[in-house]
Every structure is written in structure tokens, then in C-alpha cells.
Amino acid sequence: MKELTYREALREALREEMKRDESVFLLGEDIAEYGSSYKVPQGLVDEFGHERVRNTPLAEAGIIGATLGAALVGMRPVAEIMYIDFSPIAMDQIFNQIAKFRYMTGGTVKVPLVIRTQGGGGVSAGLHHSQSLEALYTHMPGLMVVMPSIPYDAKGLLKSSIREDNPVMFIEHKGLYGQSGMIPEEEYLVPLGKAEVKCEGKDITVVAYSKSLVLALQAAETLEKEGISLEVVDPRTLLPLDEDTILDSVKKTSRLMVVHEACKTGGFGGEVAAIVAEKAIDYLDAPIKRVTALDSPIPFNPRLEDYIIPNEGDIIAGARELMGKEVSAR
Amino acid sequence: MSKIGKEKLKEIYIIMLRIRAFEERAIVEYHKGIPGFIHSSIGEEAIPAAVGAFLRGDDYLLTTHRGHGDIIAKGARFDKMMAELFAKETGYCKGRGGSMHIVATDRNMLGATAIVGAGLPIASGVALGCKMQKLDRVTVCFFGDGATCTGAFHEALCFASVWDLPVVFVCANNLYSLSTPQKVYTKLEHISDRAKAYGIPGVTVDGNDVAAVAEVASEAIERARKGGGPTFIEGMTYRIYGHHMGDPGTSYRTKEEVEDWKKKDPIARLQSRLLKAKVITKSDIEEIQADVNRELDEAVKFAAESPEPKIEDALSGIYYTAR
Ligand SMILES: Cc1ncc(C[n+]2csc(CCOP(=O)(O)OP(=O)(O)O)c2C)c(N)n1
Ligand SMILES: [Mg+2]
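Heads up: the sequence lines are chains Z and B, in that order. Position 313 (the first sequence) corresponds to 319 in this note's numbering; numbering is contiguous. Position 79 (the second sequence) corresponds to 99 in this note's numbering; numbering is contiguous.
To be clear, the hints were calculated from the coordinates, so they are not data collected in a lab. Using N, Cα and C, we set each Cβ at its ideal position, and we do this for glycine too. Careful: at least some of the hints might be erroneous.
Stretch-level coverage of chain B by chain Z, calculated; a stretch enters the list once three of its residues show a Cβ under 8 angstroms from a Cβ in chain Z [said to hold, decoys possible]:
no.: 1; stretch: 133-139
no.: 2; stretch: 328-336
No farther apart than 30 angstroms at their CA atoms in a straight line, the calculated lysine-lysine pairs in the BS3-like style are these [what the hints assert, rightly or not]:
no.: 3; chain 1: B; residue 1: Lys203; chain 2: B; residue 2: Lys321
no.: 4; chain 1: Z; residue 1: Lys270; chain 2: B; residue 2: Lys216
no.: 5; chain 1: Z; residue 1: Lys25; chain 2: Z; residue 2: Lys258
no.: 6; chain 1: B; residue 1: Lys154; chain 2: B; residue 2: Lys203
no.: 7; chain 1: B; residue 1: Lys52; chain 2: Z; residue 2: Lys180
no.: 8; chain 1: B; residue 1: Lys203; chain 2: Z; residue 2: Lys45
no.: 9; chain 1: Z; residue 1: Lys45; chain 2: B; residue 2: Lys275
no.: 10; chain 1: B; residue 1: Lys23; chain 2: B; residue 2: Lys275
no.: 11; chain 1: B; residue 1: Lys282; chain 2: B; residue 2: Lys23
no.: 12; chain 1: B; residue 1: Lys28; chain 2: B; residue 2: Lys203
no.: 13; chain 1: Z; residue 1: Lys331; chain 2: Z; residue 2: Lys106
no.: 14; chain 1: B; residue 1: Lys207; chain 2: B; residue 2: Lys330
no.: 15; chain 1: Z; residue 1: Lys45; chain 2: B; residue 2: Lys207
no.: 16; chain 1: Z; residue 1: Lys258; chain 2: Z; residue 2: Lys231
no.: 17; chain 1: B; residue 1: Lys28; chain 2: B; residue 2: Lys282
no.: 18; chain 1: B; residue 1: Lys283; chain 2: B; residue 2: Lys30
no.: 19; chain 1: B; residue 1: Lys321; chain 2: B; residue 2: Lys30
no.: 20; chain 1: Z; residue 1: Lys258; chain 2: Z; residue 2: Lys116
no.: 21; chain 1: Z; residue 1: Lys270; chain 2: Z; residue 2: Lys258
no.: 22; chain 1: B; residue 1: Lys52; chain 2: B; residue 2: Lys275
no.: 23; chain 1: B; residue 1: Lys246; chain 2: Z; residue 2: Lys25
no.: 24; chain 1: Z; residue 1: Lys208; chain 2: Z; residue 2: Lys25
no.: 25; chain 1: B; residue 1: Lys296; chain 2: B; residue 2: Lys30
no.: 26; chain 1: B; residue 1: Lys284; chain 2: B; residue 2: Lys296
no.: 27; chain 1: Z; residue 1: Lys45; chain 2: B; residue 2: Lys30
no.: 28; chain 1: B; residue 1: Lys246; chain 2: B; residue 2: Lys28
no.: 29; chain 1: B; residue 1: Lys330; chain 2: Z; residue 2: Lys180
no.: 30; chain 1: Z; residue 1: Lys45; chain 2: B; residue 2: Lys282
no.: 31; chain 1: Z; residue 1: Lys331; chain 2: B; residue 2: Lys330
no.: 32; chain 1: B; residue 1: Lys30; chain 2: B; residue 2: Lys330
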């Protein structure tokens, strides 16, 4: 085992897959010498050259269209959209073209591509650099949506995404890049579409992903001391969702909380809640709790931003509420 | 001196000093810990100053992530700008926007956007609104060279062109789209050639030569005001600092290149011209600088002492609610 950051783990995945398969290449704004904003592809241009680590013009729709086109003729492109906030510029390519291409061809054409991007707040980056937009993409049949929370998963999921023959939105979190974790020396994959119970518990099932997963694990530790036991489930892939792992956990704990950094209305938490309500409502001992951002743009002011985005304290308060111990503020 | 009168040049010079001083102070405050990103426009001041000097108070302006200079050139207040950088309730956006999002409606400055290219179609729309209401106001949109690769840029020029809109598109070409040099993202030598595709005038000028920028800008603004339609101006310039204050700017450009451009500093250039022509004296300059610094000291004090937004107001301002 070795210790790597989330950033390094992602870079390792890119490097290994580029070595393994000549058809894998990277394209995106400022990914070569500069290594992009969060330095995931840093150094790869030295190893693979500009032919396979391609700086693009500043044009998101162009990047994603080119990604699709190259994928259709035998390449395995890994595009980067620097911030998920810029991904709506490529919305037509993602929604109308990429997500539907296979279906449109009667299921005869494969679309093997990955769109790496990152979202989330916490660094006062303001309205256009802080959003959590995954629910836009989980609303789009034909896409797969992956959101890793720890370095081990980041690497294994990215490798699987690159080998996947369906288009993958791979959404990282800017607040996780510096987080470290243990990773095997030898090669491994993490399968898409499989959730993982990150922490076993008996009182409340907490479904959380990306940075919220890390917060949920911290909350689980704190709550253990006061006798509340959280079972933290990381779906890892939101689309397609591993419903069974979530349902099995809820059947055991009889309580459900969903945590995410995206705002509540129309968020992915509503989807998880609906699945549990449809398939396991008889097992529930308490109403379902969603701990999410408030329905607001992400403000620049750090105090307001902290308030809008859910933190460990909000998870703790939500858990106490589910256990009938207090009424939480959100 | 040039077609631009001495008094005008002096006015532009003062705007440039104001921009430079604000930018330098913003960097100081950034290192002391104000939140967020700061994209410094140091080195690029001639373009906004020379354009801004020909705008009226009721003309409109839109800009980008690197917009402090453009906003100052439109006459925005230091105190409310600085308070915004400090994320305070007294800032232009009540601390919700920050450096990359300043909107100064008191100066018809309709906003900085952090989505590259996004301002251009909006500018065409602002110009359309003015034209439809028979207002003789001109809209100016500032952006960088990288932005000219976006679809938004091309769509905006298309609209402005076919509807003869009173808008001036001003590109500060600092040779890089973040780290990507011009030759990597376009085959054109002059980005202003992109205007040809839309049948509108496109000109490239030395963006560090105030008089050159002022000449084309004043002409373009006047043409727009008289119903002659849009113009695309490209000013060749350079950003002395990295992309933002967290970027040393060294991985994609050489020290020599930066040093070369420092020698072409637009403020020093104009200053020596004005001194030589005896339009200003050394003591004038000292006086102007002292005034600007005093105003900045007060702005920083105002920003530092201003209240934070209240948590109770966290969800206000999202929707319009009639009271
Ligand atoms: C749509 C979009 N894509 C990417 C970015 C990230 N980004 C911010 S500024 C920038 C480069 C912009 O270059 P240019 O337009 O030349 O302006 P400059 O920064 O040089 O002033 C990039 C890639 C962004 N903010 N918005
Ligand atoms: Mg530029």
C-alpha cells in the first residue's frame, strides 16, 4: 500500500490507462504545461506529449463535441471541463448528442468517453465556480454519473470509466484533491454501478457521496460517542444507482438520511428518498431526512457560503432529529 | 501629440494610475487574506482607461474575471469595490459576488462574469434594448483573447452585426488564454480578423499605447452612437502577473518575455510623453498619486470596518419580491 492524494490517485489512473491503451487521450483547457486549475493532469504532457495531452481553445461545446466525434471512430477520449459550472456551455453536446447517440443508432454504436470535471464550494470561488450540478446529469438517460469521495475510489473508478463503453460524467470535488488515502501498489479497478458501505452502523443509513461522504464519516465518529450509530453508504456511481445496497441498509437501520452539497430542490437526494419510499417505506421508523445546501446560488462571502452548504454539524443535527433527540434547523 | 488632445491624455493617465493603484492594493489585501481569486490587470491598464475616457455615464459596460480596471474606468467607486473584495455587505454586490462578479449599476456597469465569453451576447442584447428604445447609449464589452474562441463570442458578433447594434467589443489580447498561447488556439495573426466573418470593422492596435487605443476607441464609440453599428477592437497587451494571484505564471512563459513586457509598461510610456510635452509635472504626478492613495486608504478602511452580510439574509435577493 502507498499513500496518495485524491489528485495523485486520479493522475495515476490517467497515466496507467494512457500507457495501457493508445487510444486513450486527454483534451481540455490548459491541461498541458499548466496542469489545469487543480493540477490533476500535471506532468502527463511530459510523458505523453501534446498529441495525447491536448490543450484546446477555450470552447466547452467544442471540447465535448470533439470528444464525442473522436469516440465514435475508435478513440477513448478523456475530456476535462475545468469547472462543472462551465459544463452547461456544452449542454447540447452532452444531452442531445452524447447521451442519445447510442440509442439513436438503435444500439449499434458505442460511445466510450469520459468527461472529467469538478464541482463544489468551500473556497470562496463565487457564483460561477462553486456549484454542484450532478442532478442535471443524473436526469439524462444514456449517461453514467460517477462521483468519487476517496483516493482509492477516485483511481479505481476513473480507470473503470475510461474502459467503459458508455459515456461517463466523472465529477470530482475541488475540496478533496488534497485529501490522502491508502492505495494498493498493484493495479485494481473499482466497478461502476456499485455502492460501498463505508462505515457499518445500526441506527441510520446515511447515503452520501463526494465531499459529503467525508463529512458523513466524520459525523459518524462524533455521533458514536453519543450512542448514535450511522451506516454510511457511498453510492460512488449515481447513474446507474446501486439501489440494492441502499435498500438493504435501510431495511437494517429503518432510517434514511441523504446528504449532498447540491441544493435540495430537484437534487439527487429526492431520487434516493423516492426509491426508498417506493421500495422500503414499510421499514422506515422515521421520516426521510435530506441534508443539503439551501436553495440558493453559492455566495462569495465565506460565512454565507458556509451557511448555505451543509457541514458535519448539519449531519449531526439531522441524525439527532431522526433519533427523536432534537429538531434540526434544516 | 496625436489626434487625442492633451487634456484627454491626462484624463486617461489619471484613470490608469487609479487602476494600477487599486490593483496593487488588491494584491496587498489578497496576501493579507481576503477571500477568493484576484485576477490582476496590471500591465493592461491602457485599454480600459483609453476606452472609458470616451464613455458617458449612461453608456453601458460589461466585463470579465479580469475586470477591476474596466470597472474603474467606468467610474466605479473604490470603497464599494474594495468592500466587495472584502465580501462585505457594503460592497457593490453586498459581498455575494466578489472580485469576479462586480456589478456597478450606479455607473451602468452591468457586471463582470466569471464565465468566459458570457458577457458578449448580453452586451449585444443591451445594445439592442438601447436601440429599440431610441436611447443613444453605447455598450462596451471587454473580454480577453481566449474568449474569442467561445461560441458566445461568435454568436454575439453575429447579432451585433446583422442588427447594426451600438456596441463596441474590446479584446485585451494579453497573448494567453490562461496558459495557452495564441498560436495554439488560433491560426490568425490578428484576432481582429475574426470581425471580417461578420462584416464589421475589426482593428488591432498597440494596447499599451494610450493614444492608439484612444483613437480607435473614440471613433468606434462615436460610430456606434450615430447608428453605424458595432466595431471589434483588439489591443495587444500583457498581464505582468500570473493568471490569478495563485498562479506564478511561470510554467508557460519565460522570465525574459515578462521582463520585456515590463519595459513596455503603458503607464510609464504615457507618463514620459506627458512629462516631455509638459502636460504634467513631476509634482502633479505626486499629487495625483497621493490623492489616489488617500482614496484607497479610505476604501480599505471602509471595507475592513464594514459589516459582514447577516446570516438571516442568506436567502434574500434570489428572487424579486414585490413589497
Ligand atoms: C467558459 C469558461 N471556460 C473556462 C474558464 C476558466 N478560465 C478562466 S479565465 C480563462 C482564460 C481566459 O483567457 P482570456 O479570455 O484571454 O482572458 P485573460 O484571462 O487572459 O484576461 C480560463 C480558461 C472560465 N472561467 N469560463
Ligand atoms: Mg488572455
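Tested hints:
1. 133-139: It holds: at least three residues are needed, and the stretch 133-139 of chain B offers 5 whose Cβ sits within less than 8 angstroms of chain Z.
2. 328-336: holds (count 5)
3. B:Lys203 to B:Lys321: violated, 44 angstroms
4. Z:Lys270 to B:Lys216: This hinted pair is violated, its Cα atoms lying about 47 angstroms apart.
5. Z:Lys25 to Z:Lys258: violated, 44 angstroms
6. B:Lys154 to B:Lys203: violated, 42 angstroms
7. B:Lys52 to Z:Lys180: holds, 23 angstroms
8. B:Lys203 to Z:Lys45: Distance of about 23 angstroms is within 30 angstroms: holds.
9. Z:Lys45 to B:Lys275: holds, 22 angstroms
10. B:Lys23 to B:Lys275: Distance of about 36 angstroms is beyond 30 angstroms: violated.
11. B:Lys282 to B:Lys23: holds, 27 angstroms
12. B:Lys28 to B:Lys203: Cα-Cα ~36 angstroms, so violated.
13. Z:Lys331 to Z:Lys106: Distance of about 48 angstroms is beyond 30 angstroms: violated.
14. B:Lys207 to B:Lys330: Distance of about 51 angstroms is beyond 30 angstroms: violated.
15. Z:Lys45 to B:Lys207: holds, 28 angstroms
16. Z:Lys258 to Z:Lys231: Distance ~21 angstroms between Lys258 (chain Z) and Lys231 (chain Z) Cα, so the pair holds.
17. B:Lys28 to B:Lys282: This hinted pair holds, its Cα atoms lying about 25 angstroms apart.
18. B:Lys283 to B:Lys30: holds, 21 angstroms
19. B:Lys321 to B:Lys30: holds, 29 angstroms
20. Z:Lys258 to Z:Lys116: violated, 39 angstroms
21. Z:Lys270 to Z:Lys258: Holds, at roughly 26 angstroms.
22. B:Lys52 to B:Lys275: Distance ~26 angstroms between Lys52 (chain B) and Lys275 (chain B) Cα, so the pair holds.
23. B:Lys246 to Z:Lys25: violated, 61 angstroms
24. Z:Lys208 to Z:Lys25: Violated - the C-alpha atoms of Lys25 (chain Z) and Lys208 (chain Z) are around 44 angstroms apart, more than 30 angstroms.
25. B:Lys296 to B:Lys30: Since the Cα atoms of Lys296 (chain B) and Lys30 (chain B) sit roughly 13 angstroms apart, the hinted pair holds (cutoff 30 angstroms).
26. B:Lys284 to B:Lys296: Between Lys284 (chain B) and Lys296 (chain B) the Cα gap is close to 17 angstroms, so the pair holds against 30 angstroms.
27. Z:Lys45 to B:Lys30: Violated, at about 44 angstroms.
28. B:Lys246 to B:Lys28: holds, 21 angstroms
29. B:Lys330 to Z:Lys180: Cα-Cα ~27 angstroms, so holds.
30. Z:Lys45 to B:Lys282: holds, 28 angstroms
31. Z:Lys331 to B:Lys330: holds, 29 angstroms
32. B:Lys30 to B:Lys330: violated, 43 angstroms
Going down the numbered hints, you'll see the structure goes against 3, 4, 5, 6, 10, 12, 13, 14, 20, 23, 24, 27 and 32, while the others check out.
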